[in-house]
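Protein chains in written order, with this note's numbering: chain A, 1 to 218; chain B, 1001 to 1268.
FYI, nobody ran anything at the bench for these hints, they're computed from the structure. Glycine residues also receive a C-beta, built at the ideal position from the N, C-alpha and C atoms. Keep in mind that a hint or two might mislead.
Taking beta-carbon pairs under 8 Å as the criterion, some of the chain A residues facing chain B (in silico) [unchecked claim]: (1) Val134; (2) Gly165; (3) Gln174.
Listed below are several chain A residues computed to face chain B (Cβ distance under 8 Å; list not exhaustive) [said to hold, decoys possible]: (4) Trp19; (5) Ile78; (6) Val163; (7) Val164; (8) Pro183; (9) Thr185; (10) Ala191; (11) Phe192.
Listed here are the chains, written in short residue letters.
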Amino acid sequence: MLREFGIDDILLLLTGAKWTVLLSLIAFTGGGLLGLMVAIGRVFGPGPLKFLIECYIRAIQGTPLLGQLFLFYFGFSIFGFDVSAWVAISVAMVFFSSAFLGDSWRGCIEAIPKTQWEAADALGMSFVQKLCYVVLPQAARIAIPSTVGFMAQIVKNTSLAAVVGFVDLLRMGQLVTAATFQPLTVYLVVAFMYFAMCYPLSQWSRILERRYNATHQH
Amino acid sequence: MNWTRKLLAGVLASVFALAATAGKIDAQEKSTLKKVIDRGTIIIGVPVDSPPFGSIDAEGNPVGFDIDLARLLAEQLEVEVELKPMTSVNRIPNLLTGKVDVQVNLFGATPQRARQIAFTSPYTGLIIGAYGPPGVDVMSPESIADYKIAVGRGTTMDTTLSQMVPDENIVRFEDEATAQAAVLSGQADMWAAVNMHIVESNKLNPDNPLELKFVMRRAPASIGLRQGDPDWLRWLETFVYFNKINGNLQMLHEKWLDEDLQSDLPTF
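Extracted from the complex, chain A is given alone in its bound form:
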């Protein structure tokens, strides 16, 4: 039953890596969409909505992701909803990233000088036009470094999903270690796979920053 670390184990780790990538994509696209709503609602919404969103952000940023994963996976069951590990983890990761992205994007929107709004007003633009053509494009430039940086964070945070039985790259690494008793080899391969996912992201961030010249805009 015990075996040497071999090509089969690398393939197993790659299946783990596949789930890590997939979960990161879900967390990022879902969290990005919800995060955009959070950011816009937080800046432009009516008072009570602003308050609710503020509570949402505080609640999610103020509790550990590990606790949220437990809550979504086991907590829903207590209330009679049987959610699969996939659903629970995806929901938790989407909420988690939406709170962080939303809050950081709120800052980016608020960083656009008032004069830009006034100039757009002078051109007779509607609110949606001002937002889509003037403010958001400029805010997006400022948002690039922190957003792409957070993407690398998400990739690494997915490893917490192992607590509810989700077999991602890190958990697969533990299982392969248990079966082969070769921790050093296994974790080196695991580390390399994480690096292979995160390094292109930070490189991409650097390229985008240069292309849009984020620091010297406006």
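Chain A is fixed; fit chain B onto it per the hints.
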């Protein structure tokens, strides 16, 4: 107003959730035994980080003593089996929230755990102890000095060890695999483990053998289930008893552990 409507929707959602909870409680009054037979499938929690009881093979499928026993359980109950791999820490939450019907998961019965879940009579007897390389000069919990001892968090070894040595000497890891990795890589000096784990480890690492430093205690493994379900407990007890006398458990011991089924295993 928009936000009052939202509030109302929230209240409605909570009411709905409460109603669903009530429904769940009704459903739980039915025995798991009957539920499993009606469903035609049993969901069993198994270990995958604890060879030879459970690990993954080259294709990623669970294999081991507990996996064979879980399949045997489903076969004798005449239902399909769904194996759910889990870590030692989340065995009880998975059971209590109904994610699994039963745990065949190298589960040591302790009074502390028995406050939350129920255990059958043991199906295998193990010894848990502290193991380390020859250079580590420890012969009893009292002579542990500054040596660090690695243990899987929330395991039987963890609770037992916590009562034997000071907390400063214990390094807790998320699961068996990581605790094992810590000792093999020299991050910790000893490993609080089941004797069978050490047999496996030494087979694969003949140059780096771990030896017994001190015995912690005997640790029989039981099947774990939710409390308050006498029919289910009865069936599982029958299952353990039946396979003790028909030789199936002896066969599993020979296949995976290379030893005989202990004749003096307690019956609860």
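Results for each hint:
1. Val134: violated, 26 Å
2. Gly165: holds, 5 Å
3. Gln174: holds, 4 Å
4. Trp19: violated, 12 Å
5. Ile78: Hint on isoleucine 78 of chain A: holds, closest Cβ of chain B at ~6 Å, below 8 Å.
6. Val163: Given a least distance of 6 Å, the restraint on valine 163 of chain A holds.
7. Val164: Because about 7 Å separates valine 164 of chain A from the closest Cβ in chain B, which is inside the 8 Å limit, the hint holds.
8. Pro183: holds, 3 Å
9. Thr185: Check failed: Cβ of threonine 185 of chain A comes no nearer than 11 Å to chain B, outside 8 Å.
10. Ala191: violated, 13 Å
11. Phe192: violated, 17 Å
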